[in-house]
Amino acid sequence: MSAALLEVRNVTMKFGGVTAIDNLSFKVPEGSTYGLIGPNGAGKTTIFNNITGNYIPTEGSIIFDGEDITGTRPNKVVAKGIARTFQNIRLFKSMSVLQNVLIGFHDQIHYNYFEAIFRLPRYHGYERRIKVEAMGILEEFGLAEYADNEATALSYGNQRKVEIARALATKPKLLLLDEPAAGMNPIETEDLSNIIRKIKEDYDLTVLLIEHDMKFVNAMCDTVTVLDYGEKIFEGRPADAIVDPKVVAAYLGDFTHA
Amino acid sequence: MKNAIIKMLLILLTLGIISWANQTLDSYTLSILNNIGIFAILALSYNLINGVTGQFSLEPNGFVAIGAYVTALFLIPAADKIDMFALVDPAPIVLEMQARFLPAIFAGGVAATLVALFLSFPVFRVRGDYLAIVTLGFGFIIRIFALNTPAYTNGAMGLNDIPANANFLWIGSLALFTLIVMLHIVYSKYGRAMKAVRDDEDAATAMGINTFKIKTVAFMTSAFFEGVGGGLLASFLTTITPDQFSFLLTFQLLIIIVLGGLGSMTGALVATVLVMGSMEWLRFLDEDMVLFGMHTGEHPGMRMVVFAILLIIMMLFARKGLFGDRELPEFIKAKLKRKDEV
Amino acid sequence: MDLTTFLQQLINGASLGSMYALIAIGYTMVYGVLRLINFAHGDIMMVGAFFTFMATAAGLPFTLAVLLGILGSVIVGVLTDKIAYKPLREAPKISLLITAIGISFFLENLFNVIFGGVPKAFSAPDYLTKIFHLGDVYLPITVIIIPIVTVAILSGVLWVLYRTKYGMAIRALAFDIPTVKLMGIDADRIITLVFALGSALAAVGGIFYAVSYPSIDPLMGVIVGLKAFAAAVLGGIGSVTGAVIGGFILGFTEIFVVALFPELGGYKDAFAFFFLILVLLFRPTGIMGEDLERSRF
Chain A
1222 MSAALLEVRN VTMKFGGVTA IDNLSFKVPE GSTYGLIGPN GAGKTTIFNN ITGNYIPTEG
1282 SIIFDGEDIT GTRPNKVVAK GIARTFQNIR LFKSMSVLQN VLIGFHDQIH YNYFEAIFRL
1342 PRYHGYERRI KVEAMGILEE FGLAEYADNE ATALSYGNQR KVEIARALAT KPKLLLLDEP
1402 AAGMNPIETE DLSNIIRKIK EDYDLTVLLI EHDMKFVNAM CDTVTVLDYG EKIFEGRPAD
1462 AIVDPKVVAA YLGDFTHA
Chain B
-15 MKNAIIKMLL ILLTLGIISW ANQTLDSYTL SILNNIGIFA ILALSYNLIN GVTGQFSLEP
45 NGFVAIGAYV TALFLIPAAD KIDMFALVDP APIVLEMQAR FLPAIFAGGV AATLVALFLS
105 FPVFRVRGDY LAIVTLGFGF IIRIFALNTP AYTNGAMGLN DIPANANFLW IGSLALFTLI
165 VMLHIVYSKY GRAMKAVRDD EDAATAMGIN TFKIKTVAFM TSAFFEGVGG GLLASFLTTI
225 TPDQFSFLLT FQLLIIIVLG GLGSMTGALV ATVLVMGSME WLRFLDEDMV LFGMHTGEHP
285 GMRMVVFAIL LIIMMLFARK GLFGDRELPE FIKAKLKRKD EV
Chain C
35 MDLTTFLQQL INGASLGSMY ALIAIGYTMV YGVLRLINFA HGDIMMVGAF FTFMATAAGL
95 PFTLAVLLGI LGSVIVGVLT DKIAYKPLRE APKISLLITA IGISFFLENL FNVIFGGVPK
155 AFSAPDYLTK IFHLGDVYLP ITVIIIPIVT VAILSGVLWV LYRTKYGMAI RALAFDIPTV
215 KLMGIDADRI ITLVFALGSA LAAVGGIFYA VSYPSIDPLM GVIVGLKAFA AAVLGGIGSV
275 TGAVIGGFIL GFTEIFVVAL FPELGGYKDA FAFFFLILVL LFRPTGIMGE DLERSRF
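Protein chains in written order, with this note's numbering: chain A, 1222 to 1479; chain B, -15 to 326; chain C, 35 to 331.
Worth double-checking, as some hints may not be accurate.
Claimed, not checked - Taking beta-carbon pairs under 8 angstroms as the criterion, some of the chain B residues facing chain A (in silico):
#1 ASP186
#2 ALA187
#3 ASP309
Because the hints were derived from the structure by calculation, they are not lab data.
C-beta: ideal position from N, C-alpha, C; glycine also.
Generate coordinates for the entire structure from the input sequences, incorporating the hints supplied.
If you want it as structure tokens, here you go:
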């Protein structure tokens, strides 16, 4: 097993008196696909927000690529090589598909404000280059033909893909996907699995994902951690998770409550 | 390459027309054009923070006032200042402020930019709509300062005999320059980031954008050109007083950018002409009218009632204004495309 | 400063602070439920003063005129929400703010057209213009009545907010609109209630203003509204108690700073602004505020 790219070390997150994450630790090995599963409200998105710097953990630390990034501001976390998607798709609604992806290149464009205002050579150089690169990413996702379409006018499945494409444009080492298959039909889910595998290969990515669709998790993930009420109740292969009595109890509990 | 040449030719052509107009048109027409030119500069820059970046701000009157005062103080000769300052003697620094026209205008812009930087820290570090209330308050405060620092501003009497260097050649060219700068910003990584902040701040952050920095850059840029516009206004009007820079100015600009379509620079330009034109045309509303054989009497403010209703109706029923947040060429392209599809 | 002056200024400050507090509550409640800075709120206060003025001018008894003024404000305030804000609940925030500015400008100019921009003398009945002398302390009856009435009204408002089901609904709404709707509460009715309550308090503030100064003009709500908003932010926007505390702090500050440093008198109207800047810089949640803004997105 290769070294851990991301380590969540004894993280506790409290909101007022409520403990959303309780002393959670896990390691995501470089190059793996790692799943976070658990009933609603188990704290999965909270831990994502801890990793991306949107919430500072009450206790514990986040180690990425050998560096303690706890408390780093969200936009700086992106620069370190962590990109994310959102549970409810959040595309830039006034922009085309291509423009959405171009935003992802923000940190990689090094012309300054005056070079932009006076259209100096570096402006043209960068703009030309990132447009080619962005189209390359869109082609990979089979979205090139929609480049100039309004992003939010696309089908649900394609919007999910644009969001991942946009995250990919930031050149991450670690990609955080928050319920990527939610709301997709089986064919779209299958398509998404293939794309994630392909980009993982092409871009040397490590993927950490939250998902409810156990079939998807089974097919994608090498390892899963199961959370319940902010605590880790299982870590191991997805196939073993489904038969683990504690996991089953947590999900059944969830059903009876719901 | 082809585009660059076309752009160059368009710029030269516009400059040619401006210079021709400046020499041939009568002074009344030119004064209307000058007014439109100054308002175009203000509307374009206001649109950057409000329309493109989506941060609701009410700053123009404050920054225009700063630009106007700073530019005026640089332009008025020292001897005239000593004569003019009736309440107290002018402060030594006021007497030392001397510059030629363009540097004076530039100084007005820089002064407004610095104030914008100062205001950015309290308003952009927190979430919420504090920008609007702080800038609204600032517009009032600047008046209080102008009234209470007579050694710098000559108090309520204001500054007059400001050298009238701002002809249409200057105003028109600077308006064109503002338009080009704004469009270049919009079509750069900065403009994209500003729009991203407007559309979804969290998602923008998740793309690595420092939203505080981007908002501050947009706000300072707006302030700079509003300061420049203020300087031009001072030199165009030759007299300025604290009461001149009231909220009315900001309101007119708000109407303009909403009508043009928040975020559309070319829209702001077209709307400037429309709104400034109809302000002239609707002047009769404020005057005595005969309705059903009865005199209504003068009622200043009637036009503003009409414009306020117009603004509310636009927000309720036509939020996109003329061009939405597209620029004119894109707008035409999209319309044509739709026609093709039908 | 000797004791007499101190007492004098303390009472003046309480009276001024009362006015700010009454108006600040409307800002804070509307912000609480809609996350909207209701720019027209200061003008609602002006409307209340003008309705009272018209009613007294028409010869109605003062008490009735006050009630009509309050009613006028409530109607205008609620209509504003129904006509201009309600259709925009799902719209981008900036549309709502622009509309609020539009309403504010509309009201100011409408009253300007109807009544002219020249300040109108506001005639209060004789029993409100009496002046007492307590030793050397000079006490117009209004500076005594205003804080007392204010405290009474505020206790009423707090009672409504914390002891009635309507108050509970308002506080729940401030927390989370979609959830409240799911719970079967008619959110729109509650929002109407918030506008009605806020407008009524603003009208009372406006009438106090009119009686104290004693003149009114169509732009009177602008700067007072701005200050009251600053007071609401100072106290912690969204918190009613905070708005009251913020209002009084601002009232006392204005009075005492000018009393101690008369040369700053010209800047009196700017204090609120500096408070606003300082609060935003150092404690954005205000004195009593919940941590509404702390997300680091």
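For each hint, the structure was consulted:
This hint holds: ASP186 of chain B has a C-beta 7 angstroms from the nearest C-beta of chain A, less than the 8 angstroms allowed. About 4 angstroms separates the beta-carbon of ALA187 of chain B from the nearest beta-carbon of chain A, less than 8 angstroms, and the hint is met. Proximity of ASP309 of chain B to chain A holds as hinted, the smallest CB-CB distance being about 6 angstroms (cut-off 8 angstroms).
Violation of the numbered hints given earlier is absent; every hint is satisfied by the structure.
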